[in-house]
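First to last, the protein sequences are chains A and B. Going by this note's numbering, the residue at position 21 of the first sequence is 424; the numbering climbs one at a time, nothing skipped. Going by this note's numbering, the residue at position 160 of the second sequence is 563; the numbering climbs one at a time, nothing skipped.
Rather than coming from a laboratory, the hints here were simulated on the basis of the structure. Every clue listed holds true.
Identical copies carry no separate label here, and so any pair may be met within one copy or between two of them.
Cut-off 25 Å, straight-line C-alpha distance, at most; resulting in silico cross-link-like pairs (SDA-like, lysine to any residue):
#1 Lys454 with Gly483
#2 Lys446 with Thr701
#3 Lys446 with Thr716
#4 Lys446 with Met691
There are 2 protein chains.
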Amino acid sequence: MTDDPGKFPKADIAPILAGDVRAGARLMRDIDDRRETAMTALKALFPHTGKGYVIGITGNPGAGKSTVVDAMIAHYRGLGERVGVVCVDPTSPFSGGAILGDRIRMQRHALDPDVFIRSLATRGHLGGLSRSTFDVAHVLDAMGYQRILIETVGVGQDEIEVMRAAHTTVVVTVPGLGDDIQAIKSGLLEVADVLVVNKADREGADRTERDLMQMLDLRAADRKDVQIVRTIATRGTAEGSGITELAASIEAHRERAWTGPGAIERGTVRAAAQLSELIRALLADRAMRTMAARGGLTEIAHAVAERREDPWTLAESIVASL
Amino acid sequence: MTDDPGKFPKADIAPILAGDVRAGARLMRDIDDRRETAMTALKALFPHTGKGYVIGITGNPGAGKSTVVDAMIAHYRGLGERVGVVCVDPTSPFSGGAILGDRIRMQRHALDPDVFIRSLATRGHLGGLSRSTFDVAHVLDAMGYQRILIETVGVGQDEIEVMRAAHTTVVVTVPGLGDDIQAIKSGLLEVADVLVVNKADREGADRTERDLMQMLDLRAADRKDVQIVRTIATRGTAEGSGITELAASIEAHRERAWTGPGAIERGTVRAAAQLSELIRALLADRAMRTMAARGGLTEIAHAVAERREDPWTLAESIVASL
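One chain only, chain A, in its complex shape:
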């Protein structure tokens, strides 16, 4: 499967490289279940990836992110591109297909064989959602999807980490979401390459855009070239007002950021984000195994609840025994 079978362990990756949807879904399930075979397959797929363009979409809950994503799918499909979508919902316990409420709206694309949508949710206490997101995006890349859209539902630290792995990050907001200073937090703005004011026909769109421009002025010189796009995204049609402009802004960012001498530096930042998450997840797996050997987390926590032991000493002893 690879040029150097000594370097990458053997895995049957041919169906995935051929774009087989069932094989892809199976590997994504294995990633979710943290199977060793998934690691093997990902390593083997690596030399075949790097062609997909990853676009992150984040922003306030209620800003209409999934409507924007839906319109973007229609836009890229109109250009004949194959589109993979990862929906990251850290507040839901369910991974899989279109289980999540707002995912159902995207089902229009479910019949299109050139659109692949995968929802990811949180799995247990020690996290690892960002890691799964990177791994799944990698599979979509290997499957030949030219556009890979990553949409986050929540707005937290993990979601910002997810966005660091995108080539272009789109932050969506809407007018009238309470105070604007609260609506777009500075950290969210920091990762934005393109800003979208969605539902731009609503009252207050001018003020929201003005506020965003002021916030952009406060940024570092190399991050001032962020474009602000107004959209009135309409579900299931690429003609949603502003979607063509949004796609053009994304291409403009791609041109600025990913061609020329800065590209390898940016690629390093992306890789660092992915590596951090992978290391974090692998360490968490090890900690879980160590705790299981000591009766499990609950048993250990019981001693803290009864105030027989303090959590800091306990945590140090668990980490020391790894």
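Start from chain A and add chain B according to the hints.
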């Protein structure tokens, strides 16, 4: 300082136990900076804690959480209680005092010596915000604050983890935040002990409350007793409509959950959340040191960006070398 000086290392915790604000702030800074002395102090403080009642407040951005928190501070101050507040903002790069925009509104309480407000923000790539939150809440407990309010700004996986460490979790929403299914995600609902419909004078409050009731009906039998409270929180006054009812609902939950036979089990769940975060953070520290010895994360990520190495093999080798 402790009954058993052999068990807990020596640390000058007397000023903190006496409620000295400067000593408390200094320790919180040391926690933020991950100083070894902070660990020593926390261990020494542990036998003196367990008296503060921790209330988590989370919910949609724009729901008016900080206004609700502000009114709650006024309420508890009216009862003569001392109040500590931790504001968790994973989307901001700044820790410390009232740096964050919406924190400024709470400054009214800044002159009150019996109110202590601390903002926490994200620090670097490998996280650790939840850990800092637990540690800071522990210091506030040791300082003698009877009510400890933890407010999260974001809504993500980390924020939900933070909420697991509260005695009572309050989830705040508002009418008209787009589709309600999007406004309150199931995971957020899962951690809710009390639900607040804030800005209840807005159109749609009846529908929002009805939707929440339906969502509660779908929950497990032991989690159906969640109360829904309507508030019209007014900044800086305990008379904000519904705040007394909210406090009563919190007390009712405290009575149900934290007295009687279930209390130790619940305490174990809280301790498990704290332990998980601590272990995660300690492991991340170790990973950072290991990577530093190999030229740092950026140097390692460079090999991935140039596609000389795949991230999975690299991450495994780093974890294996710990």
